[in-house]
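Protein chains: 2
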Amino acid sequence: MRKAKNLGEFEIIVLAALIRLGTDAYGVSIRQEIESRTGRAVSVGALYSTLSRLEEKNYVASRMGDATAERGGRAKRHYIIKAEGEAQLEKSVFALGKMLKGIKAWPETLKTLARL
Amino acid sequence: MRKAKNLGEFEIIVLAALIRLGTDAYGVSIRQEIESRTGRAVSVGALYSTLSRLEEKNYVASRMGDATAERGGRAKRHYIIKAEGEAQLEKSVFALGKMLKGIKAWPETLKTLARL
DNA sequence: CGATATATCTACTACATTGTAGAACAAATA
DNA sequence: TATTTGTTCTACAATGTAGTAGATATATCG
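Chains as they are written, first to last, in the numbering used here: chain U, 448 to 563; chain X, 448 to 563.
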């Protein structure tokens, strides 16, 4: 297996979304979770290729589900974060936390945003 | 100027280092700050090219200083984060914070991020 | 004194990995 | 067949990273 490397920014976001969604995580719900929570647009392509790469790295597992009985209810591919993925996520977030911790100079804007 | 995009993971770390170091920020000190704080190795090339790109995006400014009177004291290039850089950093950190907030019992260090 | 060794730093080059968009494709119900 | 929900594929841009070369200062030894 490849040597563990640092996660990219979007990879961190996607892994976090997987944790949040638990068993409800699949392409569309993940995308919606990220968009509604961060307010930033996520293209389908960006999401699926990132998920695919995370799976290659053994950070995520996926399986095809059954089709649902609703119009257009095509079978979903369900994603779940693996232990390796959680460990890696923790490392990346830890590094970020170490760098950001205690910065007094956060502008007022951020504090305002943080209250929302 | 290019359209504002999301910061990469390493870009976030570098900008945070600039804030931490204030006027003491130059290639070597930035590198050391990141390495000692995160425990992760940073190659010189990685750092300078990232700084250079951040400068192109108008997130960072730099100026050449004078040579110091120590052996090998070549002139340093001093870096400082600009208002645009702080604003962009806020956005990225905010998005990450929104995704990470409350997802689990993060170790204490990580809560910094989740609190934002 | 001055050639050259050595230390501190920055700049350049090349390539790997991630990020992103959009069209194409698939499968279900109306 | 039309429409809706989803996923896969293709192509390219932006970031991440290592390694090497170059620049410029002080040290040192004949």
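In short, the hints are calculated from the structure, not lab data.
Some clues are possibly wrong.
Put simply, identical chains are the same to the list, so a pair is met inside one copy or across any two.
The calculated DSS-like cross-link candidates involving lysine-lysine, where the alpha carbons are at most 27 Å apart (straight line), are [as the list claims (entries may be wrong)]:
id: 1; residue 1: K523; residue 2: K504
id: 2; residue 1: K548; residue 2: K504
id: 3; residue 1: K538; residue 2: K523
id: 4; residue 1: K452; residue 2: K523
id: 5; residue 1: K548; residue 2: K538
id: 6; residue 1: K538; residue 2: K452
id: 7; residue 1: K529; residue 2: K504
In this text, all values refer to a predicted model and were calculated from it rather than measured experimentally.
Hint check results:
1. Only within a single protomer do K523 and K504 lie at most 27 Å apart by alpha-carbon distance; the minimum there is 21 Å, versus 40 Å between protomers.
2. When the C-alpha separation of K548 and K504 is checked against a cutoff of 27 Å, the pair qualifies only between copies, where the shortest distance is 25 Å, while the shortest distance within a copy is 29 Å.
3. Taking the closest pair of Cα atoms, K538 and K523 never come within 27 Å of each other, the shortest separation being 30 Å inside a single copy and 32 Å across copies.
4. Taking identical chains as interchangeable, the C-alpha atoms of K452 and K523 are never at most 27 Å apart, the minima being 29 Å within one chain and 30 Å between chains.
5. When the C-alpha separation of K548 and K538 is checked against a cutoff of 27 Å, the pair qualifies both within a copy, at 15 Å, and between copies, at 16 Å.
6. In this homomeric assembly, K538 and K452 come within 27 Å of each other (Cα to Cα) both inside a single copy, at 10 Å, and across copies, at 24 Å.
7. In this assembly of identical chains, K529 and K504 lie within 27 Å of each other by CA distance solely inside one copy; the values are 10 Å within and 36 Å between copies.
Against the hints set out earlier in the document, violations occur for numbers 3 and 4.
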